[in-house]
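Listed below are the residues making up each chain.
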Amino acid sequence: MHGLGQILLQNRSGVLDAWLARLRDTAPGAQPASLQLLKLELGTLVEKLTAYFLAGDGDGAGPAFKSVEEQAATISAACARDGLTPMETATLILSLKTIAGELLDRETSAKATELYRMRTALDAGVDRLALITFAAFVETREEIIKRQGRALLDLATPALPIWRHIILMPLVGVIDTQRARQVMEWLLEALAREEAHIAILDVTGVPLIDSRVALHLTKTVEAARLLGSRVIVTGISPDAAQTLVKLDVDLSSMITRGTLRAGLAEAFRLLGRHPKDPIETSL
Amino acid sequence: MSREPDVVQPDAVTVTVTTEIDVAEARQEARRLALRHGFGTVRAHGLATAVSELAMNLVLHTARGGQIRLTAQDAAEAAVIELVAEDDGPGIPDLARAMEDGFSTRGGLGCGLAGTRRLVDTFAITSRVGEGTRIVCLVRRP
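Respectively, the protein sequence lines represent chains A and B. Sequential numbering from 1 applies to the first sequence in our numbering. Sequential numbering from 284 applies to the second sequence in our numbering.
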């Protein structure tokens, strides 16, 4: 496909300009700054594609195509971060077929069979790039979602030492298996670290307590008991209480209180202390 | 179900459940649907919990998950929400035992199905080994 490479090389700036015009059509809302960056990346892609066609037979596979593929993936990731839809991104890549195809029709004096071969090679190459773009796009988005998920996990479960020997863990949001496991781990860790006797687990921010969540709560309470600590669960809503009774979940192993205030009072009672007692800062 | 002439267009939601995130979505939809049709917060909470139990069963016991379908019908005096959980999973070999309190094959509390039956007004379950399970519940607003 040397001929195809030559034509691309001679008309590089023309191809790039036409492509950038397409870019403005496909993504009218894109920021000028990101357009500037995309322009550079697209330029590199055209260069690499040209080099590939100049060097090889253009079967769109093998290690020679690798660097072109990587560049396409880079562009796709940039598009994903800039908020272009996968459709817009794929359309952008596919439009190279039209642009370069028109160029070939205009520039080449080759025979029809030769022209046909060039176009087939070009189409195969760009199609493959579009597929890669799509895969890379999804990958980038998934990576973003995963990162957000991890970030949420990190900030969702703080264990706060609120008094000597008392820690508070407010749970906010949906408790799935992973969260539940983490809550248990962190709670036990905090109990040991703070030498706490009482942990208050506040579930005011948990939208729903089903048998699964109840099971995790029971396990956490049981594990804390093995460490010699008591867990007080607070903030079960009246709605949740009525539902839990119907579900017939056995929560008798744990101390529960309606509000955090009542839970704290219970914690003081268990410790044999009064809130007005002076806070002991050391033993 | 027979339809009364004064019944308006049913309000329906379907959630495909394969992972735990879908369970959360299904119960949010259930809660919203119940509140939208004038159910009290206790009833809405109960329905959401029933959905949560059934959806979690889909995640735990089937390889490919299943569907939670919620349909609300408003009549002049009352409203009813139909909850259908359906899968083409392994099926339940011993339905009577599965409905018992405290029976679990996966280390749960074993009150999922039995508890769900107590949370809804009518409960019907059919299951064939190797073909799947279908649970239909009704929750009424008086």
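Honestly, the hints are just simulated from the structure, not real lab data. Just so you know, these numbers come straight off a predicted model, no measurement behind them. Ideal placement from N, C-alpha and C gives every residue a C-beta, glycine not left out. Any given hint could turn out to be false.
[Unchecked claim] Each pair of labels, with its calculated beta carbon distance range: (1) Thr388(B) <-> Leu35(A): 23 to 29 Å; (2) Pro293(B) <-> Gly101(A): 48 to 54 Å; (3) Ala358(B) <-> Ile144(A): 43 to 49 Å; (4) Leu160(A) <-> Ala358(B): 46 to 52 Å; (5) Leu378(B) <-> Arg141(A): 40 to 46 Å; (6) Arg401(B) <-> Leu227(A): 31 to 37 Å; (7) Leu37(A) <-> Val412(B): 55 to 61 Å; (8) Arg411(B) <-> Gly101(A): 30 to 36 Å.
[Claimed, not checked] Just a sample of chain B residues kept apart from chain A, beta carbon distances all over 12 Å, derived: (9) His320; (10) Met339; (11) Ala346; (12) Ala359; (13) Pro376; (14) Leu378; (15) Ala397; (16) Arg400; (17) Val403.
Hint check:
no.: 1; hint: Thr388(B) <-> Leu35(A): 23 to 29 Å; verdict: violated, 57 Å
no.: 2; hint: Pro293(B) <-> Gly101(A): 48 to 54 Å; verdict: holds, 52 Å
no.: 3; hint: Ala358(B) <-> Ile144(A): 43 to 49 Å; verdict: holds, 46 Å
no.: 4; hint: Leu160(A) <-> Ala358(B): 46 to 52 Å; verdict: holds, 50 Å
no.: 5; hint: Leu378(B) <-> Arg141(A): 40 to 46 Å; verdict: holds, 43 Å
no.: 6; hint: Arg401(B) <-> Leu227(A): 31 to 37 Å; verdict: holds, 35 Å
no.: 7; hint: Leu37(A) <-> Val412(B): 55 to 61 Å; verdict: holds, 58 Å
no.: 8; hint: Arg411(B) <-> Gly101(A): 30 to 36 Å; verdict: violated, 57 Å
no.: 9; hint: His320; verdict: holds, 17 Å
no.: 10; hint: Met339; verdict: violated, 5 Å
no.: 11; hint: Ala346; verdict: holds, 17 Å
no.: 12; hint: Ala359; verdict: holds, 27 Å
no.: 13; hint: Pro376; verdict: holds, 21 Å
no.: 14; hint: Leu378; verdict: holds, 19 Å
no.: 15; hint: Ala397; verdict: violated, 7 Å
no.: 16; hint: Arg400; verdict: violated, 9 Å
no.: 17; hint: Val403; verdict: violated, 10 Å
Consistency with the previously given hints fails for numbers 1, 8, 10, 15, 16, 17, ordered from lowest to highest.
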